[in-house]
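K.L.:
Below, each chain spelled out in residue letters.
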Amino acid sequence: MLQEKFYDNFIKDDRWKYIWEGLGVTLQVTFFAVLLGIIIGFLIAIIRSTYDKTGKMKLLNFFCNVYLTVIRGTPVVVQLMIIYFVIFGSVDISKVFVAIMAFGINSGAYVAEIFRSGIMSIDNGQFEAGRSLGFNYPQTMRYIIMPQAFKNVLPALGNEFIVLLKETSVSGYIALQDLTKGGDIIRSRTYDAFMPLLAVALIYLVMVMIFTKLVNILERRLRNSDH
Amino acid sequence: MITNGDVLIKVDDIHKVFDDSLHALNGVSDEILKGEVVVIVGPSGSGKSTFLRSLNLLEVPTSGHIYFEGVDITAKQTDIDKHRQKMGMVFQHFNLFPHKTILENITLAPIRILKKTREEAETQARELLRKVGLAEKAQAYPSQLSGGQKQRIAIVRALAMDPEVMLFDEPTSALDPEMVGEVLELMKQLAHDGMTMAVVTHEMGFAKEVATRVLFMDQGQIREQGTPEDFFGNPKDPRLQEFLSKIL
Chain A
1 MLQEKFYDNF
11 IKDDRWKYIW
21 EGLGVTLQVT
31 FFAVLLGIII
41 GFLIAIIRST
51 YDKTGKMKLL
61 NFFCNVYLTV
71 IRGTPVVVQL
81 MIIYFVIFGS
91 VDISKVFVAI
101 MAFGINSGAY
111 VAEIFRSGIM
121 SIDNGQFEAG
131 RSLGFNYPQT
141 MRYIIMPQAF
151 KNVLPALGNE
161 FIVLLKETSV
171 SGYIALQDLT
181 KGGDIIRSRT
191 YDAFMPLLAV
201 ALIYLVMVMI
211 FTKLVNILER
221 RLRNSDH
Chain B
1 MITNGDVLIK
11 VDDIHKVFDD
21 SLHALNGVSD
31 EILKGEVVVI
41 VGPSGSGKST
51 FLRSLNLLEV
61 PTSGHIYFEG
71 VDITAKQTDI
81 DKHRQKMGMV
91 FQHFNLFPHK
101 TILENITLAP
111 IRILKKTREE
121 AETQARELLR
131 KVGLAEKAQA
141 YPSQLSGGQK
151 QRIAIVRALA
161 MDPEVMLFDE
171 PTSALDPEMV
181 GEVLELMKQL
191 AHDGMTMAVV
201 THEMGFAKEV
211 ATRVLFMDQG
221 QIREQGTPED
231 FFGNPKDPRL
241 QEFLSKIL
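Protein chains in written order, with my numbering: chain A, 1 to 227; chain B, 1 to 248.
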């Protein structure tokens, strides 16, 4: 019985390929969205904390605030659909690319606040010590503040990436065949919800566990200097 | 002590207003000569720390001018980073970089700013560490050091930039009593070697013994100044008399 079901859901007609190829899309989207999110988040965190500390970059800071408010104030799936159906509505464009843009831009807002809180958590004395030695503002950030801030935010950053990995499961809304959609397609063919969805859930779970482990290892390495 | 009369820092009528209400500095003028050891004392909230922190523009005065080696560092076009390299600063809370070893703490600025080679910078750092008796701590991290050791490292870190003047902002206030001595001893040594120093402190013994000039600040102004003998032996300002009667 169970064997039959397994055969129907995964072996027959090479249905496992929906899962396998979906997993590839999910990983691809997550990886590049994480990269984009880090770049956006880093830049915004620099602008916002520079404004907080020195009062410079007032206009840029304003735009950053608008971005943060809009992105954090609307659901990611709505942002995904707006980018696909509205912004790129009239052009033929890769769905993977759209998903990367949407999730990257979305994640950037959260990463920005994570980085900023990390920068602001470093005692101002560190900043003054750097400046008093003759480092300018960017050098002080680079050599003294950022390395410490990064270490402090690593757990939050790891968590954000886990959230992002799972959030890409709404990619089906623009008919992108990611892991979740792959499982769903099998369900629609076999009329069996249990097996394909459980398989999908298991794969997400294993990926998250592996990633959590990696972050823990990195954290422990970075903490070595603190004793 | 040796003073050759060259003005190193000239402060011309600086004011500092915080948040439009608190007048931390109310018209302070002074000249610090090469080789002088100026000790600044006063009740808390008197503006003495703000004054010291103004000398390297960690606090930017609301008005007035500060000249370092003849250059107006309060002028907009002045590259303050260049001048700060020659003004070492030591903080109450040490502010060592916790993510770097002691050796890296000391060599970071010489390598990155003065463009020294790593070997050069490390040789100099080890030499300085040996002088302060902390050579064996080169590879340790700040969290493994006692307060007194941290502050001596902080002094060494500033010295590694070969500064013209050292600014001390209550360097012993955060230390356990038994560690105050080792830091003051190092500061005395520095003074003896001819370093120009400006020191905000509550250690009156240090002021008496080492200072070439003592300043008393109150309510954002320098109320009285003089040699330690006159300052402690024959204070004129009533508020200074009151201050001294409380602490001595």
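Each hint should be verified, as a subset may be incorrect.
Computed Cβ-Cβ distance ranges for the label pairs, DEER-style [stated by the list, open to error]:
#, chain 1, residue 1, chain 2, residue 2, range
1, B, Ala140, A, Ile39, 54 to 64 Å
2, A, Pro138, B, Ala140, 22 to 32 Å
3, B, Gln77, A, Arg223, 43 to 53 Å
None of these hints come from the bench; they were simulated from the model. Keep in mind it's a predicted model, so treat the numbers as computed, not measured. Cβ atoms here follow ideal geometry from the backbone N, Cα and C, with glycine treated the same way.
K.L.:
Does each hint fit the structure? Answer for all of them.
P.N.:
Evaluation of the provided hints:
1. Ala140/B - Ile39/A: 54 to 64 Å: Violated, at about 36 Å.
2. Pro138/A - Ala140/B: 22 to 32 Å: 29 Å, holds
3. Gln77/B - Arg223/A: 43 to 53 Å: Because 44 Å falls inside the window, the suggested range holds.
Hint check: a violation occurs at hint 1 only; the rest are consistent with the structure.
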